[in-house]
Amino acid sequence: MADFTTKELMACIMGRDLEDGLGVPVGANLPVPRAAVLMSHLMRGPNQLVLLSWTRANLVDVPELRPFEFITDWRAAQWGESYWAHDDGFLNMKARANWIFFVGGIQIDQYGNSNLLGIGEDYKRLKFRGPGGVGTGNMAAFTNRYYLYSQTHTPRIFVPKVDYVTALGWGEGPGTRERWKIPGGGPRYCYTPLCVMDFEPETKRMRLKSTNPGVSVDEVVAATGFELVVPDDVPETPAPSDEELEVLRTRVDPTGVLRS
Amino acid sequence: MSTVTSSDRTVVVTDEPSALAGLQDGMTVAIGGFANSGHPMSLVREVIRRRPKDLTIVGAATSGLEVDMLIAAGCVKKVISPYVGGETIVGIGPAFRRCVENGEIDVWEIDEAMYYCALNAAAQRLPFLPWRALVGTSFPEVNPDLVLFDDPVAGEPLLAVPAVSPDIALLHAGAADPYGNIQHVGSGFGDRAIARASDHVIVSVEKVISNEELRRAPEKTSIPLVDAVVRAPFGAHPFSSVGWYLEDVPLLKEYVAAAEVWRAHDDRSAVDAFLDTYIHQPEDHMDYLQRIGARRIFGLNEF
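The listed protein sequences derive, respectively, from chains A and B. Residues 1 to 260 (the numbering used here) are what the first sequence spells out, left to right. Residues 1 to 303 (the numbering used here) are what the second sequence spells out, left to right.
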């Protein structure tokens with residue numbers, strides 16, 4: 001088996017779930033989701049709508065995609081088929097049903113609700129002010145499915161209940177999204193350096209789906225601050241293939257951001 | 001018979017102090033651009049030089065350290081923006097974080113979709129616009145101005161987002177003609193939405209071009225007939241200006257390091273020194289550019 005880093009593994013696993021035809025925003029400063037999206041596009045997604053730095057970009061023939069540090073980098077215009085003004089984007093929520101999105105959090109709870117606003121019960125005196133929800137709550141409401149993603153898996157992040165909900169996951173469990181008439185389909189998986197989690201269909205509670213190579217079930221349970229649903233049989237997350245690693249290292253991440 | 005010609009048309013090109021002569025304490029001021037790009041910094045620096053108090057700052061849908069600098073300079077009472085930070089340079093603006101955690105400034109909490117609802121409502125002269133997403137989240141709790149209601153047509157739960165109508169909008173673009181027709185390079189981010197919602201629109205540009213030159217490509221005119229145009233080459237510095245130059249990352253990091261000392265140690269000496277050196281001491285935009293230096297400025301070209 002080839003050597004690979006945890007970030008490379010995550011990018012490959014996350015990319016495998018993205019089929020052709022989706023709308024796939026390419027963020028600038030989340031290197032793992034960026035790589036996942038570009039891998040799915042280059043390997044089997046020629047008809048994906050690739051949203052990169054304010055353009056809809058044609059990247060399938062580009063030999064090497066060096067990362068941009070900032071989301072506004074207009075050098076992406078060299079691949080752009082069209083551009084979009086930010087406010088125009090919000091005139092078309094129909095199109096977003098078919099997009100996917102990765103949502104992070106300073107807290108994520110057992111129902112997949114995420115918090116980017118802050119930590120602390122008194123909103124007027126937060127112990128930590130987070131970056132804010134930005135666009136995550138909107139994407140969580142309109143996409144047919146979205147993904148949670150955290151580069152850290154600790155009990156401080158994976159909490160029983162978030163202090164503030166900035167992107168609504170499964171709310172308080174079954175029925176919450178229906179009650180609020182939310183059109184989108186909710187979070188599908190949650191990816192961390194330790195494991196992949198999904199949601200138990202009946203309870204909407206987060207459930208261990210697979211553990212990453214070298215990680216035990218007990219380690220995941222200890223790193224999770226709520227009672228994780230653990231099935232009797234937990235497989236290991238499948239390793240990247242040689243072909244995936246080649247595309248990743250030669251075309252998507254040639255500078256080795258995910259190897260460091 | 002008496003008629004008029006183009007030469008009778010009002011030229012709106014001016015400089016930063018004249019453009020901002022009407023700025024008063026307590027005004028609502030919107031600032032365009034996005035993240036680390038396209039902020040009208042020669043105008044922002046002039047705002048700070050005038051030492052206004054209690055401004056409500058409407059940042060971009062993703063605003064950057066320009067809002068943080070206004071907070072650090074003591075000009076801000078309230079921020080309306082879904083994000084204040086510097087991407088990989090700093091996740092959360094240090095002055096923003098400090099002042100929110102200490103309760104020294106208010107934040108009108110919204111996400112980026114609600115941000116455009118608020119501006120579009122103002123432009124359409126509506127008291128509010130509804131939005132479907134974000135019901136069920138904490139936004140209505142932390143921003144009581146957002147009203148959850150059942151829509152009168154289908155009876156579904158929606159959020160009413162009140163209009164936000166800036167007194168002044170400050171934007172930056174590539175070019176303008178003397179009459180105030182603006183041409184952005186690229187998308188212009190959310191600048192059009194800000195312009196539509198605002199009472200008075202001031203745009204700094206890299207270059208003033210003739211009306212004849214502008215009319216070669218009228219489809220590129222992104223905002224027609226603004227109130228004032230300020231000729232400010234490298235006017236977005238230290239941020240990038242799309243199609244013109246890249247970010248001056250070391251200078252942005254210098255600001256962050258200084259503001260971070262204030263946030264973490266309650267010591268303003270470094271951030272005050274930064275504001276003095278780069279904002280209060282330079283007499284005008286040209287003096288600022290001279291301080292930055294020609295080599296550094298011209299080293300920021302895109303390719």
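Take the hints with a grain of salt, since some may be wrong.
[Said to hold, decoys possible] List time: in silico DSS-like cross-link candidates among lysine-lysine, alpha-carbon distance up to 30 Å:
id : chain 1 : residue 1 : chain 2 : residue 2
1  : B       : Lys253    : B       : Lys77
2  : A       : Lys181    : A       : Lys161
3  : A       : Lys7      : A       : Lys209
4  : A       : Lys94     : A       : Lys127
5  : A       : Lys161    : A       : Lys124
6  : B       : Lys253    : B       : Lys78
7  : A       : Lys181    : A       : Lys209
8  : A       : Lys181    : A       : Lys127
9  : B       : Lys220    : B       : Lys207
10 : B       : Lys207    : A       : Lys127
11 : B       : Lys77     : A       : Lys127
12 : A       : Lys124    : B       : Lys253
13 : A       : Lys127    : B       : Lys220
14 : B       : Lys253    : A       : Lys7
15 : B       : Lys253    : B       : Lys220
16 : A       : Lys7      : A       : Lys181
17 : A       : Lys124    : B       : Lys53
18 : A       : Lys127    : B       : Lys253
19 : A       : Lys124    : B       : Lys77
20 : B       : Lys53     : B       : Lys77
21 : A       : Lys94     : A       : Lys181
22 : B       : Lys220    : A       : Lys94
23 : B       : Lys220    : B       : Lys53
24 : A       : Lys124    : B       : Lys207
25 : B       : Lys53     : B       : Lys78
[Unchecked claim] Here are a few chain A residues that sit away from chain B, every Cβ distance over 12 Å (derived from the structure):
id : residue
26 : Val162
27 : Leu168
28 : Pro213
29 : Val221
30 : Asp233
31 : Thr255
[Stated by the list, open to error] Label-pair restraints from in silico Cβ distances:
id : chain 1 : residue 1 : chain 2 : residue 2 : range
32 : B       : Asp106    : A       : Asp218    : 40 to 50 Å
33 : B       : Pro152    : A       : Glu200    : 30 to 40 Å
34 : A       : Asn92     : B       : Asp106    : 47 to 57 Å
35 : A       : Thr152    : B       : Pro152    : 43 to 53 Å
36 : B       : Gln24     : A       : Glu200    : 52 to 62 Å
37 : A       : Thr5      : B       : Pro130    : 42 to 52 Å
38 : B       : Lys78     : A       : Pro235    : 44 to 54 Å
39 : B       : Leu126    : A       : Glu178    : 24 to 34 Å
40 : B       : Ile297    : A       : Ser82     : 47 to 57 Å
In short, the hints are calculated from the structure, not lab data. It should be emphasised that the depicted structure is a prediction, and the values quoted were computed from it without experimental measurement. We treat Cβ as the ideally placed atom computed from N, Cα and C, and that holds for glycine.
Earlier hints that do not hold, by number
4, 8, 10, 13, 15, 16, 23, 24, 26, 27, 34 and 40
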